[in-house]
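*Asks:* Turn these sequences into a full structure, and let the hints steer you where they fit.
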Amino acid sequence: MGLLSKKDAKLITDPLADNNPITIQVLGICSALAITAELKASIVMALSVMAVLAIGNVVISLMRNIIPSKIRIIVQLVVVAALVIIVDQVLKAYAYELSKTLSVFVGLIITNCIIMGRFEAFALANGPWRSFLDGIGNSAGYGLILIIVGFFRELLGSGTLLGYKVFGDPIEQTGLYAYGYENNGFMLLSPMALIVVGIIIWVQRSRNESLIEEN
Amino acid sequence: MEYLELFFKSIFIDNMVFATFLGMCSYLAVSKKVSTAVGLGAAVIFVMLITVPLNWLLDHYLLQPGALSWLGEEYANYDLSFLSFIMFIATIATMVQLVEIVVEKFSPSLYNSLGIFLPLIAVNCAILGGSLFMQSREIPTLGLATVYGVGSGIGWFLAILAIAAIREKIRYSNVPPALRGLGITFIITGLMAIGFMSFGGMLTGGDKEETKEDKTAQVEVLKNNTEVFANNIKVNK
Numbered sequence: 001m002g003l004l005s006k007k008d009a010k011l012i013t014d015p016l017a018d019n020n021p022i023t024i025q026v027l028g029i030c031s032a033l034a035i036t037a038e039l040k041a042s043i044v045m046a047l048s049v050m051a052v053l054a055i056g057n058v059v060i061s062l063m064r065n066i067i068p069s070k071i072r073i074i075v076q077l078v079v080v081a082a083l084v085i086i087v088d089q090v091l092k093a094y095a096y097e098l099s100k101t102l103s104v105f106v107g108l109i110i111t112n113c114i115i116m117g118r119f120e121a122f123a124l125a126n127g128p129w130r131s132f133l134d135g136i137g138n139s140a141g142y143g144l145i146l147i148i149v150g151f152f153r154e155l156l157g158s159g160t161l162l163g164y165k166v167f168g169d170p171i172e173q174t175g176l177y178a179y180g181y182e183n184n185g186f187m188l189l190s191p192m193a194l195i196v197v198g199i200i201i202w203v204q205r206s207r208n209e210s211l212i213e214e215n
Numbered sequence: 001m002e003y004l005e006l007f008f009k010s011i012f013i014d015n016m017v018f019a020t021f022l023g024m025c026s027y028l029a030v031s032k033k034v035s036t037a038v039g040l041g042a043a044v045i046f047v048m049l050i051t052v053p054l055n056w057l058l059d060h061y062l063l064q065p066g067a068l069s070w071l072g073e074e075y076a077n078y079d080l081s082f083l084s085f086i087m088f089i090a091t092i093a094t095m096v097q098l099v100e101i102v103v104e105k106f107s108p109s110l111y112n113s114l115g116i117f118l119p120l121i122a123v124n125c126a127i128l129g130g131s132l133f134m135q136s137r138e139i140p141t142l143g144l145a146t147v148y149g150v151g152s153g154i155g156w157f158l159a160i161l162a163i164a165a166i167r168e169k170i171r172y173s174n175v176p177p178a179l180r181g182l183g184i185t186f187i188i189t190g191l192m193a194i195g196f197m198s199f200g201g202m203l204t205g206g207d208k209e210e211t212k213e214d215k216t217a218q219v220e221v222l223k224n225n226t227e228v229f230a231n232n233i234k235v236n237k
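Quick note, the sequences are listed as chains R and Z, same order.
For the record, in the first sequence the residue sitting at position 58 is 58 according to the working numbering, with numbers rising by one throughout.
For the record, in the second sequence the residue sitting at position 156 is 156 according to the working numbering, with numbers rising by one throughout.
Careful, some of the hints might be misleading.
Stated by the list, open to error - Okay, the calculated beta carbon distance ranges per label pair:
1) Met202/Z with Asp14/R: 45 to 51 Å
2) Val34/Z with Ala178/R: 52 to 58 Å
3) Val75/R with Asn174/Z: 43 to 49 Å
Stated by the list, open to error - Using 20 Å as the maximum straight-line C-alpha spacing, the simulated EDC-like pairs for lysine to aspartate or glutamate come out as follows:
4) Lys165/R with Glu182/R
5) Lys6/R with Asp18/R
6) Lys33/Z with Glu168/Z
7) Lys32/Z with Glu168/Z
8) Lys70/R with Glu120/R
9) Lys70/R with Glu104/Z
10) Lys40/R with Glu97/R
11) Lys9/Z with Glu138/Z
12) Lys100/R with Asp88/R
13) Lys100/R with Glu168/Z
14) Lys70/R with Asp88/R
15) Lys40/R with Asp88/R
16) Lys100/R with Asp14/Z
17) Lys100/R with Asp79/Z
18) Lys70/R with Glu100/Z
19) Lys92/R with Asp79/Z
What the hints assert, rightly or not - Covered stretches of chain R (in silico footprint by chain Z; criterion: 3 or more residues with CB under 8 Å from a CB of chain Z, positions within the stretch not fixed):
20) 100 to 112
21) 184 to 192
Treat the hints as calculated values from the structure; they're not laboratory data.
Glycine included, every Cβ here is placed at the ideal spot set by N, Cα and C.
*Replies:* Here is the structure:
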């Protein structure tokens with residue numbers, strides 16, 4: 001990578017695995033779970049968070065020397081809220097159906113802990129370029145988990161991926177359904193999202209013993 | 001009746017944590033001990049009690065399409081609803097600060113138990129989520145909005161209390177190493193959410209009461225049918 005030094009590249013790759021915002025830092029879980037019943041919604045959510053976090057990180061990083069530390073939380077909230085309003089209006093304009101499915105969860109990006117967490121932990125202490133990379137990296141790590149969860153929930157729950165029927169048609173009994181395969185409707189219900197994330201954490205920590213925490 | 005129904009609905013059926021996954025971050029981070037969980041839960045109830053009705057007022061007199069008509073005819077066409085995110089979060093953040101100052105001044109003992117949690121709450125998704133759901137579900141009156149706020153707060157309180165109690169006990173069990181801590185908490189929460197789904201049937205039973213008009217309409221349909229039937233018989237004869 002010519003553009004990125006080794007240290008900068010680490011900012012992007014770390015959050016994808018060993019410092020994942022969802023499974024290790026325990027940030028931003030609220031929205032991760034509620035909207036993952038469909039893969040498409042997960043991807044749009046991941047992209048929205050990426051836009052907000054990357055731009056927000058740069059803005060906060062540029063202002064870091066002029067924000068009085070006492071009111072920094074309100075300043076950060078206003079920055080995020082302004083960016084989220086833009087994302088929300090764009091979604092309403094170009095993907096109205098999808099913005100209906102995401103309903104209030106677009107608004108809840110404002111209180112997504114990843115965003116406040118990264119502002120506090122990174123953007124307030126680093127320059128704009130590094131903050132931008134940190135924003136991209138963390139939201140990619142977040143998006144990765146969202147997409148994995150969305151993939152399994154949509155595949156097992158309704159037998160489709162992005163609306164494309166992978167296993168055949170359940171009504172006309174084609175493909176796998178001809179052999180008696182049934183969709184697991186339970187995967188579409190919200191509790192299964194928690195359990196799927198639990199299993200992802202289990203797999204990740206079994207592979208990397210150093211991540212195991214005390215009871 | 002309406003109030004009671006919304007109250008129980010917001011506690012059990014639409015539980016903040018188990019049905020919509022709001023406030024999960026603090027729910028997972030602050031649930032290691034029952035005593036701290038109780039403190040945070042109480043603070044959430046308190047803040048929701050204040051912010052949901054306040055945001056209802058904002059929504060109805062400032063943000064909704066046509067909400068500004070109380071200022072005069074020429075303002076009736078304004079639609080400021082795109083500003084609702086920023087208004088709601090600003091209200092919440094300022095209210096939290098205000099509550100913190102007031103509590104510190106008048107009740108130092110309460111401040112000592114709640115104080116450290118109050119700043120955390122400004123960024124708790126459950127609080128903003130409460131206001132956004134209040135808006136998207138179109139709760140009609142201020143009273144109902146207050147009930148909804150308190151109910152959601154209590155629901156969140158119950159959830160964090162339950163998981164904190166379970167986590168205190170689970171310390172003595174033999175969990176697979178890789179699941180310890182976060183992993184098992186997720187799975188337990190999932191199982192609890194499945195349990196809470198059973199409350200879903202609670203309010204559907206008496207949902208549709210037949211009104212007097214429905215009954216008279218049915219009687220008339222019945223009358224018409226018998227007349228038609230009688231006519232048919234005549235014709236057949």
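*Asks:* Confirm or reject each hint.
*Replies:* Quick rundown of the hints versus the structure:
1. Met202/Z with Asp14/R: 45 to 51 Å: With Cβ atoms ~46 Å apart, the hint holds.
2. Val34/Z with Ala178/R: 52 to 58 Å: 53 Å, holds
3. Val75/R with Asn174/Z: 43 to 49 Å: Since the Cβ atoms of Val75/R and Asn174/Z sit about 47 Å apart, the hinted range of 43 to 49 Å holds.
4. Lys165/R with Glu182/R: This hinted pair holds, its Cα atoms lying about 13 Å apart.
5. Lys6/R with Asp18/R: 17 Å, holds
6. Lys33/Z with Glu168/Z: 7 Å, holds
7. Lys32/Z with Glu168/Z: 7 Å, holds
8. Lys70/R with Glu120/R: Between Lys70/R and Glu120/R the Cα gap is close to 13 Å, so the pair holds against 20 Å.
9. Lys70/R with Glu104/Z: 17 Å, holds
10. Lys40/R with Glu97/R: Holds, because 11 Å separates the two Cα atoms, which is no more than 20 Å.
11. Lys9/Z with Glu138/Z: Holds, at about 15 Å.
12. Lys100/R with Asp88/R: 11 Å, holds
13. Lys100/R with Glu168/Z: 40 Å, violated
14. Lys70/R with Asp88/R: Not OK: Lys70/R and Asp88/R at ~29 Å, beyond 20 Å, violated.
15. Lys40/R with Asp88/R: 16 Å, holds
16. Lys100/R with Asp14/Z: 19 Å, holds
17. Lys100/R with Asp79/Z: 19 Å, holds
18. Lys70/R with Glu100/Z: 14 Å, holds
19. Lys92/R with Asp79/Z: With a Cα-Cα distance of about 15 Å, the restraint between Lys92/R and Asp79/Z holds, given a limit of 20 Å.
20. 100 to 112: Holds, because 7 residues of the segment 100 to 112 of chain R bring their Cβ atoms closer than 8 Å to Cβ atoms of chain Z.
21. 184 to 192: As far as the segment 184 to 192 of chain R goes, the hint holds, because 4 residues have Cβ atoms under 8 Å from chain Z.
Violated hints, listed in ascending order, are 13, 14; each of the other numbered hints is respected by the structure.
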